[in-house]
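J.: Chain by chain, the residues:
Protein chains: 2
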Amino acid sequence: MSFDIRRLLPFLDWARTYDRRHLTNDAVAAVVVTIMLVPQSLAYAMLAGLPPHIGLYASILPLVAYALFGTSRTLAVGPVAVVSLMTAAAAGSVATPGSPEFVAAALILAVESGLILTLMGLLNLGFLANFLSHSVISGFITASGVLIATSQMKHILGIKASGDTMPELVTGIAATIGGTNFITLGIGAAAIAFLFWVRKRLKPLLRRLGLPAGAADILAKAGPVFAVAASTALVAALALDQAGVKVVGAIPSGLPPLTLPVFQADLWLRLALPALLISIVGFVESVSVAQTLAAKRRQRIDANTELFGLGAANIAAGLTGGYPVTGGFTRSVVNFDAGAETPLAGVFTAAGILATILFFTPFFEKLPQAVLAATIIVAVFSLVDLGALGRTWRYSKADFAAMAVTIAVVLLEGVEIGIVSGVVVSLALFLYRTSRPHMAIVGRVPGTEHFRNVERHKVITGETVLSVRVDESLYFANARFLEDRIYDLIASRPAVKHVVLLCSAVNMIDASALESLEAMDERLKSAGVTFHLSEVKGPVMDRLKATHFLAHLSGRVFLSQAEAMAALDPACMAGQGGKAPVAVGA
Amino acid sequence: MSFDIRRLLPFLDWARTYDRRHLTNDAVAAVVVTIMLVPQSLAYAMLAGLPPHIGLYASILPLVAYALFGTSRTLAVGPVAVVSLMTAAAAGSVATPGSPEFVAAALILAVESGLILTLMGLLNLGFLANFLSHSVISGFITASGVLIATSQMKHILGIKASGDTMPELVTGIAATIGGTNFITLGIGAAAIAFLFWVRKRLKPLLRRLGLPAGAADILAKAGPVFAVAASTALVAALALDQAGVKVVGAIPSGLPPLTLPVFQADLWLRLALPALLISIVGFVESVSVAQTLAAKRRQRIDANTELFGLGAANIAAGLTGGYPVTGGFTRSVVNFDAGAETPLAGVFTAAGILATILFFTPFFEKLPQAVLAATIIVAVFSLVDLGALGRTWRYSKADFAAMAVTIAVVLLEGVEIGIVSGVVVSLALFLYRTSRPHMAIVGRVPGTEHFRNVERHKVITGETVLSVRVDESLYFANARFLEDRIYDLIASRPAVKHVVLLCSAVNMIDASALESLEAMDERLKSAGVTFHLSEVKGPVMDRLKATHFLAHLSGRVFLSQAEAMAALDPACMAGQGGKAPVAVGA
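Each protein sequence line maps, in turn, to chains A and B. So the first sequence is numbered by UniProt numbering: it starts at 1 and just counts up by one. So the second sequence is numbered by UniProt numbering: it starts at 1 and just counts up by one.
Warning: the hint list may mix true and false statements.
No copy is singled out in the list; a pair is fine if it fits within one copy or between any two copies.
Think about it this way: if two alpha-carbon atoms lie no more than 27 angstroms apart in a straight line, the pair counts; the simulated DSS-like pairs of lysine-lysine are [unchecked claim]:
1. Lys296 x Lys497
2. Lys545 x Lys397
3. Lys525 x Lys296
4. Lys458 x Lys545
5. Lys160 x Lys246
6. Lys397 x Lys246
7. Lys397 x Lys296
8. Lys160 x Lys366
For the record, the hints were derived by calculation from the structure and aren't laboratory data.
Assemble the whole structure, with the sequences as input and the hints as a guide.
T.: Now the structure itself:
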């Protein structure tokens, strides 16, 4: 996609063909999503350590901003669990939860992460998100789910406890568990049990009662709404808030405030790294949800343009009293399943939330916090995937290590250091691996011009030519390794007169490796061995041609390994039909 | 080399065959090296901000320790320029130069870096040094040379100025240049001119006078000794030290003291990173000198065992009043050229330095500091290689960037942060490069079974099979890139029924890339395209076999690309003789 006004304003794509059918579908989806989003927004704001109504503010203008600048037709933007947890940790590092400074820090985080996302979009830096491997993301989400569920236990027990890591949380709960409010615990436990039942059993039950699959699904997802309504009614009827059951309390009614985050350079600087991590994690979560949904309808999303959409949504959140937002999985799926056709569904959802905050806030005053905590606990339960540890272990020890380190550090030290550790470990293991490349002595597969590892295949080799395939680009970290291996191979094979380095897997030769190759050539020459290359790729060859290497090389550069062997050891290439003597390598 | 007592005590290798000829050669070399090493040790200690005699202490027991544990026959260990500069910066970050705490910090650095080197040896971590690319080392050495020469200007001018970076040094010199002592400047400038003349002109002159090449070379290298002797005599005769010419002063005579560095946990911790950097830089410098010399005599050095040798030398330096040491280039070459046969030459050199400190220290009392500074300036001049910038630029922009960043940060911010920046930049550029791999559509080179890029070669391709070679291992950083590219290629080629991914350059498929391949297979399948792999390497195939990927794959895995084409598009493989229609790719 070249530069194009539609890249900046992707809504032009769908606005031209918008018709009444779209309008109906979008409106229906918006009603469904609004009903689900209201309790979710209150709950996630509470998880972020913010007053519940901040969650509603974060679900209005950001949705409109995303509808204008985002490329996904069905992504539903707003507060999500993992980003709320990261906001709690980041704002908690500069202010006390509950204080006005804490709320101000959340605003700064939203604006800062909006600016970072927009800047990344301008600089085409969306690829940075690729450096978060699946294993690190999966470990991060699992560990965050455990942290989130544990952090909500205080609301279920009706106690005061805080902390950003498992040791802190567990110690905090253990120290205050004596003060458990049993009515709160009863409400919380009942809500958890009910929500799990809804999640696992309600849908099959509704299907058996004859409801169509789609409706059964949406009704099952509306479980939290029922829990909220029932528990609020119960608390109000029995005045349980007088008995120590903590409730949401009065929510200021009215339009979201216009907020301009204070500009304090040192505060912005201290929040810059957390904001960057929130941006990248939010971006990765959002893009993977959007791509999953887009693929189902053969639509495409443009990852780089998504940066503008999410950037705009976060700036909007920061300017209207919210906190960092991103595309959420559950609500996007609900939006999609409820039939949303275009981002206008998001605009209608925003209108629904706005109506809620203007007219319906009194209904939430007696909503028990324990029920919000229960909806969070049940929601994050699906994030925890400990089975991934076993699957990853079986496939790749390096991926397992990255995942395990991420989980351990997130749980023990916190979300930010945890995700950074995961990235560092996964990159370090990749670099370590490339620093000691696999190398194979190759011979010809009988009847073909194909050369493979003598240790794995029945192949034809000769005495005087040593063909070595090196399975990595040659760069500083492995240049000396290659040198040492070649010298070792030569030392144990006195009959060898030619070494052919098969470069089919060499995608780059950097300056350090070039010096190594020159040194090898010199040293092999003085030992009476000629050094050749074969199957050097175009881009690598272009580079080599700009140096003196090819002029000094004792041997030649062959287009293919077969050509090299035809020139250096014709006997090895004889017997195309596989009748030549076959030497099976040791 | 498996585990073996000779690995721990490599001197057993040469001690058995030691004879009188070896003894004579080693003794002669030791005399030559001792004469050169005395002024050099005084000078480098001064560069490190330490009293000059510390340099002599660092040239006694460390040499004996290296002789016992090192593997190079001719490496001469002791104070060197770059490590002295790093010591000055590191000790200067915790204490004031000239203070007893500064000397104590240097001792800690020596012991700590000795322990780090030994630990790296035990853990086989010698490969870590490979992560310093040629470009970073070259940039680091050049910038260090400039910093060192500039830092010595204060001694030539006879002023007080200090600093660890160019801006600090230049500001310091500018602020105090009014206090220049012109006699000092005269001596310093004359010494510099003389030493440059010796370096460039003396050897050819001596050859013309009929001296053999070897003797002329050694005499030319003894220039500093002559400068030291002549300037000391001059200062003593004219009592110039009374006229403000700073001299070395009284050197405590006697055996090196036994020192046990104070153990203060926080001080050791603060010096740990500098000690690690000193260890790695010293190790890299030492190993490259040792390997160069070993190659000339067809000897081998074992890089991992070298860690024990250098570790022992540094621990010895720390226990006998010295500071960090490593193998030096100039002195090792002199040792080698003077005919040293075994590390016993180092032991004899240590005895020579010991004799100097016991009996000859009064001779150095009137030695002007400006002359020591002149020997340093002339010595480091050969380290500065600005031409490398141009050569590297022409070969590789990534290598150039790493080198330029290293030089700039060393000069502007200091040696430690400079080398770390260089490593980070070079690794980041490597990772960036692997995150967007080169990909090529390939076709058959007529008359062969070899497949190459359609854009570079005249090759045969078909309409229904798209063969794509991806030139990189598949891992998290490029998994999505590959996915997007394949989708784009398919979207513009509606006739394609098969995609063959030619994996000759794929050395690894990690868990993230495996998920991408599964997603691609699913998506291609639903678009009516079959997905195949060819030339998958043994180690990669072993991994894939442990998963469900191969069972679900819509297509097949072919041993070679030729086999794939023979099965999927026989027309493309027809005409072995090159008579088939040739389609030249766009």
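J.: I want to check one pair: lysine 397 and lysine 246. Are their C-alpha atoms no more than 27 angstroms apart within a copy, between two copies, both, or neither?
T.: Result: close neither inside a copy nor across copies, 47 angstroms intra and 62 angstroms inter.
J.: If the cutoff is 27 angstroms on CA atoms, where do lysine 458 and lysine 545 land: within, between, both or neither? Let me know, please.
T.: Between copies, since 20 angstroms is at most 27 angstroms while 36 angstroms is not.
J.: Measure nothing new, just compare the shortest in-copy and cross-copy C-alpha distances for lysine 160 and lysine 246 to 27 angstroms and report within, between, both or neither.
T.: Classified as within; 11 angstroms inside a copy, 70 angstroms across copies.
J.: Reference check for the pair lysine 545 and lysine 397, CA-CA at most 27 angstroms: within, between, both, or neither?
T.: between (40 angstroms within a copy, 15 angstroms between copies)
J.: With identical chains, the pair lysine 296 and lysine 497 could be close in the same copy or across copies; at 27 angstroms between alpha carbons, which is it: within, between, both, or neither?
T.: between (59 angstroms within a copy, 21 angstroms between copies)
J.: Which holds for lysine 397 with lysine 296 at a C-alpha limit of 27 angstroms: within a copy, between copies, both or neither?
T.: This pair counts as neither: shortest intra-copy Cα distance 33 angstroms, inter-copy 42 angstroms.
J.: Within, between, both or neither: how does the pair lysine 160, lysine 366 come out at a Cα-Cα threshold of 27 angstroms?
T.: Cα proximity of lysine 160 and lysine 366: one copy only (19 angstroms, versus 75 angstroms across).
J.: Give the relationship of lysine 525 and lysine 296 under a CA distance limit of 27 angstroms: within one copy only, between copies only, both, or neither.
T.: Answer is between; shortest inter-copy Cα gap is 14 angstroms, intra-copy 60 angstroms.
Hint check: violations occur at hints 6, 7; the rest are consistent with the structure.
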